[in-house]
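Protein chains in written order, with the working numbering: chain A, 5 to 198; chain B, 6 to 658.
Simulated from the structure, these hints should not be mistaken for laboratory data.
Incorrect hints may appear among the rest.
Derived SDA-like pairs (lysine to any residue); straight-line CA-CA distance at most 25 Å [claimed, not checked]:
#1 B:K52 / A:N166
#2 A:K76 / B:S558
#3 B:K521 / A:S198
#4 B:K535 / A:L65
#5 B:K541 / A:H67
#6 A:K76 / B:H559
#7 B:K520 / B:S75
#8 B:K535 / A:D52
#9 B:K52 / A:N54
#10 B:K524 / A:V59
#11 B:K516 / A:H67
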Amino acid sequence: MKKSKILMMAGSLLLLSLFALPLWNITLEAPQYPDPLGLNIHIDGLQDGNNENDVRNIDLLNHYIGMEHLPKDLPEYHLFPIIVAVMAILGLIIGFTGKPKLYLTWVIVMAILGIAGIYDFYLWLYHYGHNLNPNAILKFVDKNGNPMAYQPPIFGSKQLLNFRVHSFPASGAYVMFLGILMTIWAFITGKKES
Amino acid sequence: MKFYFKMLNVLVIAAFSLTLVACNGGNSKGGALKNSAAEKVFVAPGKYDAYYAFISGGFSGQLSVYGLPSGRLFKVIPVFSVDAEKAWGFNEETKPMLQTSHGFIPWDDSHHPDISQTNGELDGRWVFINANNTPRIARISLETFETEEIIEIPNSAGNHSSSFVTENTEYVVAGTRFGVPIPQRDMSIKDYKGNFKAALSFIKVDPKTGHMNLDFQVLMPGFDYDLSHPGRGKSHGWFFFSTYNTEEAHTLLEVNASQNDKDYIAAVNWKKALEFIKQGKYQTMPARYAHNVYSDENHTATSTMEKSVRVLDASKLPGLVYFMPTPKSPHGCDVDPTGEYIVGSGKLAAALTVHSFSKMLKAIENKEFDGEAYGIPILKFESTLAGTVEQPGLGPLHTEFDGKGYAYTTFFISSEVVKWKLGTWEVVDRKPTYYSVGHLMIPGGNSRKPFGKYLVAMNKITKDRYLPTGPEVCQSAQLYDISGDKMEMLLDFPTVGEPHYAAGIPAEIVKKHSKKFFKLEENKHPYATKSEDAGKVVRKGNEVHIYMTMIRSHFSPDNIEGIKVGDKVYFHVTNLEQDYDVPHGIAMIGARTSELLIMPGQTETFVWEPKQVGVWPFYCTDFCSALHQEMQGYVRVSPRNSNVKLSWSLDGE
Numbered sequence: 005m006k007k008s009k010i011l012m013m014a015g016s017l018l019l020l021s022l023f024a025l026p027l028w029n030i031t032l033e034a035p036q037y038p039d040p041l042g043l044n045i046h047i048d049g050l051q052d053g054n055n056e057n058d059v060r061n062i063d064l065l066n067h068y069i070g071m072e073h074l075p076k077d078l079p080e081y082h083l084f085p086i087i088v089a090v091m092a093i094l095g096l097i098i099g100f101t102g103k104p105k106l107y108l109t110w111v112i113v114m115a116i117l118g119i120a121g122i123y124d125f126y127l128w129l130y131h132y133g134h135n136l137n138p139n140a141i142l143k144f145v146d147k148n149g150n151p152m153a154y155q156p157p158i159f160g161s162k163q164l165l166n167f168r169v170h171s172f173p174a175s176g177a178y179v180m181f182l183g184i185l186m187t188i189w190a191f192i193t194g195k196k197e198s
Numbered sequence: 006m007k008f009y010f011k012m013l014n015v016l017v018i019a020a021f022s023l024t025l026v027a028c029n030g031g032n033s034k035g036g037a038l039k040n041s042a043a044e045k046v047f048v049a050p051g052k053y054d055a056y057y058a059f060i061s062g063g064f065s066g067q068l069s070v071y072g073l074p075s076g077r078l079f080k081v082i083p084v085f086s087v088d089a090e091k092a093w094g095f096n097e098e099t100k101p102m103l104q105t106s107h108g109f110i111p112w113d114d115s116h117h118p119d120i121s122q123t124n125g126e127l128d129g130r131w132v133f134i135n136a137n138n139t140p141r142i143a144r145i146s147l148e149t150f151e152t153e154e155i156i157e158i159p160n161s162a163g164n165h166s167s168s169f170v171t172e173n174t175e176y177v178v179a180g181t182r183f184g185v186p187i188p189q190r191d192m193s194i195k196d197y198k199g200n201f202k203a204a205l206s207f208i209k210v211d212p213k214t215g216h217m218n219l220d221f222q223v224l225m226p227g228f229d230y231d232l233s234h235p236g237r238g239k240s241h242g243w244f245f246f247s248t249y250n251t252e253e254a255h256t257l258l259e260v261n262a263s264q265n266d267k268d269y270i271a272a273v274n275w276k277k278a279l280e281f282i283k284q285g286k287y288q289t290m291p292a293r294y295a296h297n298v299y300s301d302e303n304h305t306a307t308s309t310m311e312k313s314v315r316v317l318d319a320s321k322l323p324g325l326v327y328f329m330p331t332p333k334s335p336h337g338c339d340v341d342p343t344g345e346y347i348v349g350s351g352k353l354a355a356a357l358t359v360h361s362f363s364k365m366l367k368a369i370e371n372k373e374f375d376g377e378a379y380g381i382p383i384l385k386f387e388s389t390l391a392g393t394v395e396q397p398g399l400g401p402l403h404t405e406f407d408g409k410g411y412a413y414t415t416f417f418i419s420s421e422v423v424k425w426k427l428g429t430w431e432v433v434d435r436k437p438t439y440y441s442v443g444h445l446m447i448p449g450g451n452s453r454k455p456f457g458k459y460l461v462a463m464n465k466i467t468k469d470r471y472l473p474t475g476p477e478v479c480q481s482a483q484l485y486d487i488s489g490d491k492m493e494m495l496l497d498f499p500t501v502g503e504p505h506y507a508a509g510i511p512a513e514i515v516k517k518h519s520k521k522f523f524k525l526e527e528n529k530h531p532y533a534t535k536s537e538d539a540g541k542v543v544r545k546g547n548e549v550h551i552y553m554t555m556i557r558s559h560f561s562p563d564n565i566e567g568i569k570v571g572d573k574v575y576f577h578v579t580n581l582e583q584d585y586d587v588p589h590g591i592a593m594i595g596a597r598t599s600e601l602l603i604m605p606g607q608t609e610t611f612v613w614e615p616k617q618v619g620v621w622p623f624y625c626t627d628f629c630s631a632l633h634q635e636m637q638g639y640v641r642v643s644p645r646n647s648n649v650k651l652s653w654s655l656d657g658e
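Please put together the full structure from these sequences, using the hints given.
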């Protein structure tokens with residue numbers, strides 16, 4: 005079998021790791037949390053990031069600022085697994101065809117889906133950061149007198165009250181990136197081979 | 006007369022050496038020494054101590070947990086005395102823990118903690134400790150640092166030669182200090198001699214759960230059994246007890262029990278005892294003793310009254326017990342890490358007596374006896390003697406070992422710790438204590454594998470050592486570095502109650518198993534409330550049961566109406582938190598009990614019997630969160646004949 009084929013198929017199969025590994029991680033550090041709180045975002049839901057009960061304990065803290073409970077169920081939790089599975093199977097089939105052009109198409113579709121996914125993620129972060137209960141226990145305002153928002157960054161670190169919040173891709177995302185890189189490599193070697 | 010001359014001699018030597026020490030301390034080296042001592046005990050903020058020290062509370066009845074080398078106090082674990090801070094003996098769940106055959110007892114005198122062992126080495130699973138006054142043994146879990154089990158000892162009084170474990174924690178052993186009529190009966194005290202008896206109790210420990218069970222007792226002559234230690238290595242299977250009052254005096258013991266030139270160390274062959282049990286050579290005696298067990302599953306204790314005990318009569322079972330003559334009312338009875346040497350500290354003697362286990366076996370084989378006492382063979386003094394530490398100090402009490410061939414003995418009268426060499430019996434160093442030291446502790450110093458870096462001396466008298474606090478001043482412990490040739494005193498720190506004895510262990514062995522919180526879903530308390538929706542108030546006649554939850558920062562329900570004067574109101578409160586270090590407390594105005602201090606995932610209960618009509622508040626007693634001050638609620642109490650319906654709510658819902 006051609007090298008490009010193997011790369012394309014292996015790369016797309018790596019997508020399946022997302023069924024086990026988290027896509028993103030948000031970690032909250034504060035002095036009284038020597039073991040920081042962590043939230044792991046998987047394609048099908050939220051899980052404790054660093055310690056047992058982290059999601060539960062983040063929710064508990066969020067009630068002070070009037071944030072909604074973190075979502076136990078979202079349409080995305082059902083949609084994302086299907087998209088990932090379909091893309092992995094598509095990649096496998098495309099790999100079989102051995103057509104570099106199709107490889108590239110797969111990469112472009114993957115990139116569009118990725119950007120859409122990150123935009124969706126941003127919308128949810130915005131929603132949770134801004135939709136606060138007007139009867140919240142703690143109500144802070146910014147310099148201009150506007151209610152403070154508690155939106156974690158999409159990528160990077162930010163101070164939110166006593167917490168330093170870090171938001172970065174997690175292991176699943178890295179494996180997925182590696183997979184995508186392999187498919188790009190497949191495209192390049194595929195072109196050379198033909 | 007000769008003896009007094011000897012004593013005088015020792016006194017002069019002791020005084021002379023003290024002067025020497027004082028001179029050394031007084032010169033210009035003092036400053037530099039002090040600096041290095043400070044560095045050796047400094048544990049930087051946020052850093053951990055290298056050792057846990059479990060120090061007995063004596064007349065406080067509790068067990069305190071310190072860090073070494075810093076001497077910082079972490080926790081006082083309630084064991085035999087009620088503790089209002091932790092609701093120990095106040096809440097409905099722990100009241101059964103303090104039940105005895107005499108009823109509920111709110112206090113005792115805790116003496117000798119010992120850590121469980123596997124293959125003769127500390128395994129850090131449990132600490133055992135004895136109640137001296139109303140004889141009991143407690144087992145404390147080193148996962149929760151809470152008392153999990155207390156068993157009463159029948160046929161015993163002054164449970165002092167306790168609670169030491171065998172090499173694999175097969176048994177925790179308890180001896181009696183007072184001879185008493187066995188079974189108890191109405192008789193004249195004057196008839197003590199020959200009629201009063203003593204019991205040595207062997208409590209079997211379940212290797213998985215730690216659960217204790219009084220397996221058998223060895224019935225002994227009515228001497229006073231002062232301290233004990235297990236054989237280890239080659240002497241595993243034997244247990245050694247020091248005795249005094251072999252005179253069998255029953256009055257003015259101070260004089261009358263100090264007449265015999267030698268008392269005994271009793272060597273009990275407990276493996277032999279097991280054979281006798283198998284052969285059915287025991288007597289089942291009726292007895293009443295409480296067995297109290299606390300469960301982390303339902304967070305509740307139960308108390309069961311046991312009804313009988315198996316007894317082996319040492320006077321009638323040859324080979325079970327031998328006496329080794331030991332000068333002058335020995336206190337400590339300490340076995341070195343190899344199991345060969347048994348050190349008897351004759352507290353009124355001018356020398357330390359060391360017996361040899363292998364010589365003892367040979368003497369038994371060759372029947373080198375020097376008579377008998379109540380049918381128990383007395384071995385010839387010279388036949389078991391390994392050596393004598395001559396003129397080491399005054400009033401030797403207790404010895405531990407560093408695992409490098411040295412022993413360290415405390416001297417109560419001359420207030421010092423003396424280091425001497427096993428085998429040559431020569432004294433190599435001595436350091437003063439402040440003052441009147443009782444026991445000492447080297448982590449693992451009573452096991453096959455001592456950790457010979459630190460030594461803690463526990464003192465009975467402090468006088469001028471700390472800022473005065475009126476007539477009653479603290480007792481104290483002193484920390485010595487014993488890693489070098491000479492001991493160096495590093496630290497002096499006050500203790501909780503009277504520190505009779507301690508057990509130390511490297512923190513590494515214990516800390517990784519320390520529990521962070523109880524899982525709510527595993528809570529099997531019959532009155533647990535696992536979510537706010539499940540909160541309710543139920544009336545059964547004049548009993549009212551409140552199923553309440555607590556979470557940052559509110560109770561649910563927090564408004565309750567329909568309680569009446571004359572009701573007996575049970576607050577069953579569950580802490581819904583599932584995070585480390587988020588306890589909540591609760592206290593009710595006018596409730597004749599303590600607060601509750603409830604760990605995450607736990608349920609506890611207090612009872613309130615309102616006597617007055619009104620609206621009465623309750624609140625959280627542990628500063629749990631920024632909204633702690635808001636964590637409060639009200640109960641409306643109506644007259645006895647009122648029609649106010651039972652209702653409860655949170656936020657009006």
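Tested hints:
no.: 1; hint: B:K52 / A:N166; in the structure: holds (23 Å)
no.: 2; hint: A:K76 / B:S558; in the structure: holds (23 Å)
no.: 3; hint: B:K521 / A:S198; in the structure: violated (62 Å)
no.: 4; hint: B:K535 / A:L65; in the structure: holds (19 Å)
no.: 5; hint: B:K541 / A:H67; in the structure: holds (24 Å)
no.: 6; hint: A:K76 / B:H559; in the structure: holds (24 Å)
no.: 7; hint: B:K520 / B:S75; in the structure: holds (23 Å)
no.: 8; hint: B:K535 / A:D52; in the structure: holds (20 Å)
no.: 9; hint: B:K52 / A:N54; in the structure: holds (22 Å)
no.: 10; hint: B:K524 / A:V59; in the structure: holds (15 Å)
no.: 11; hint: B:K516 / A:H67; in the structure: violated (33 Å)
Checked against the numbered hints above, the structure breaks hints 3, 11 and satisfies the rest.
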